[in-house]
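> Here is how the chains run, residue by residue.
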Amino acid sequence: MSTQPDPGTGQATDSYTLSVNGADREVTDAWIGESLLYVLRERLGLPGSKNACEQGECGSCSVLLDGALVASCCVMAADAAGSDVRTVEGLSPAGELTDVQRAFVEQGAVQCGFCIPGMIVAMHDLLDRRPDADELALREAISGNLCRCTGYGRIFAAFHAVKEERARART
Amino acid sequence: MLVARPTTLAGVFDALDELPDAHLLAGGTDLMVEVNFGHRQPPSVVALRRVEELRGYDVLADEVVLRAGVTWTEVEHDLVEVLPGLAAAARTVGSPQMRNAGTVGGNIGTASPAGDGLPVLGALDATVVLASRDGERRLPLAELITGVKQTVIAPGEVIREIRVPRLDGPQQFLKVGTRNAMVISIVVCGLAVDRAGRSVRLGLGSVAPRPLRATAAEEFIAGAIDWDAMTAPPDAVRRFGELAREAATPISDQRGTASFRRHAVGVVATRALTRSLAA
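If you read the protein sequences in the order shown, they are chains X and S.
So the first sequence is numbered by the numbering used here: it starts at 2 and just counts up by one.
So the second sequence is numbered by the numbering used here: it starts at 26 and just counts up by one.
For reference, chain S alone in the conformation it holds in the complex (with noise of 0.2 Å):
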């Protein structure tokens, strides 16, 4: 038996013990693409589909707990007014089919700087919880995600849940690509307001090797705004804009140029912020 098919997290375990060479499989639509055009053979699985511990997600008072395999459908449908930010990325990731197969933390295990949900998730200050054998470890997704498709998750351990905090606030998400349906972002950018903490978040992504957090522009816009009208002048929020164009570290690649994604994430960001201010 190559392809392990779990229920429990423990029969997960067990089969990384049996196959310590196994690839994980969530929804499978990054690994089978790698799989399909040759790139990668596994030489075993470890399907974590059918997981009981691993499915759906819990809203808390003060927190939502998305487990691994919860979809991007489930996020999309079910999620709009908890985390509307993170509903809206749900909306745009691939195709109706893609979000019924794919899992948030399948995008975080594939840790794509494109990974749609991550930008959001970062701004969100969301937490991962690795699961081993051993017990547990938690991390903010900044110290998880290492690099290009690079994550700190050890051999034996697997994503379980992702915590990610309820704000008091407008949650925006904007994506530029070559349509709206169906397409790998160019920018991506996530912005999250946390009245209560007066504190203004912004993550990007498709624009460095991993998921950014532009906080010399969040700093400065937290101390710009003013909270109880929930406005800026113009001159701090076109300030935001070119903060956070300051944060990127694009390259040039078949999707966009780097000066052209320095642009837009300009665009992008002041234009989530604008949304989120009175009028």
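If we strip away everything but chain X, and leave its shape as in the complex, we get (with noise of 0.2 Å):
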């Protein structure tokens, strides 16, 4: 992973605190250039959160700061203290499955699975700020979600299923 300072020049490191699945979590001299998606893997033991383009185009490190849908390659973990993080591993109590992550199970959603934490995270985005998303606007959420096994097919079907079991849990 290139989100390493440079053994010459890596003399600029500062220390803070990132709050992340609502725990406070130290960060100590790292470089001040590193991602979050460096810190929350390399440095806090979240892999959840994958690495694959380092440059916002591809979403497999989405996560939500301060409840909004970013990249976390794109984020200066430095510039996230003092934000609320939310990682994949924090969108249920450790072990469990949301929802949404049953349904892809369900629907055989999933092929090589590199994507899936970041879609997970997206799609969670999408349907808890709008219930009532259409296929249009899953297609429009998860624009930046790069998946080049599945064709979407089921990770459409896995959105469906989704919306009409928090449907019927409204009503």
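All the given hints hold, so there is nothing to weed out.
In silico SDA-like links for lysine to any residue, alpha-carbon gap of 25 Å or less:
hint	chain 1	residue 1	chain 2	residue 2
1	S	Lys-174	S	His-64
2	S	Lys-174	S	Thr-240
3	S	Lys-174	X	Gln-56
4	S	Lys-174	S	Arg-163
5	S	Lys-174	S	Val-154
6	S	Lys-174	X	Cys-54
Hints in this document: simulated from the structure, not taken from any laboratory.
Two chains, two frames, a set of hints: combine them into the complex.
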């Protein structure tokens, strides 16, 4: 992963506290250029957010920053101090699947799986904000989450399954 | 402390005094890509995300004041009625993830030839307000951006707000890329009609070192439009496209060739104008 200080000039370090999935996590003497993605994966032991493109193109590192869906590779970790960071690991209690994750399993929406954590975070974000979102809204909402295996069909099926399940639960 | 996170503009200037080499950080969607790829190693950073004076927007009677930190998501969702061209551009900036983080001020500060918002802001005659410890100065966008990723923003200065006149008339945004979403433009165009001023403004991006206005095309078509009927003869519409094409000075790069770009400028300019006229 390229998000590492250059040995010759990597003197610019800082220490700060991140709030990740409701817990305060200390980050000590980290190079200030480190992305939130790098810090989550390499310093805080949260490898759920995936690293693929490092340029905001693929969506596999999607997290919620103060409730907004962002690509964690494009967030400077030190600038996330004081903000609420929620990763795929924090969407449900440890060991349990969210309704979206369960639907992905049941609908066979996962092939290689690499894009799935980001996809799950993005789909939660959409359905939490817009419970009535239609498939067009979904297509736009995950337009920044690239999946090269599935062709998206079963991802859409999982979306409809969650939407219906949540609608039933509301009535 | 090498990453300052001020919450007020005064705090920004204090931080810039303390960290004179600092990079300004807004949404991070441009800077972090450069950092991730090792193209930039900021010695220190002043993060602007929390600065109260830089957040949100005001819709006034004759203009919209976009503060520098307004996100593309806010523009996309909140300003469809008052700035339809810019809202349409906002909807094509990156992905939802990019739009939630990326800001209008950042788009201007980065000054990429492919910045999606820039041709629209140019067409709308937006004024950029720069703030420093010593006060403020106002510049038209065209004077602020001097070349590829080059601006006249001085050390100690930050973009405070962008003042965008409200126009009565259709606005269009068209972008050519390899897919609808999540694409860096090959050609981008913003067109705004000012019915009261009887003018058509055409901003072009990705076809020159900095955003352009196709002034010859604008002047020509203003004289050819029947302003009461909002129509123009087909020949005049075609000529508008040709003049727009002549205004472009594109290069060939990995996204497209110069000749394709020139061709595409004619197509999008003609289409934007046609969509703005009565059928």
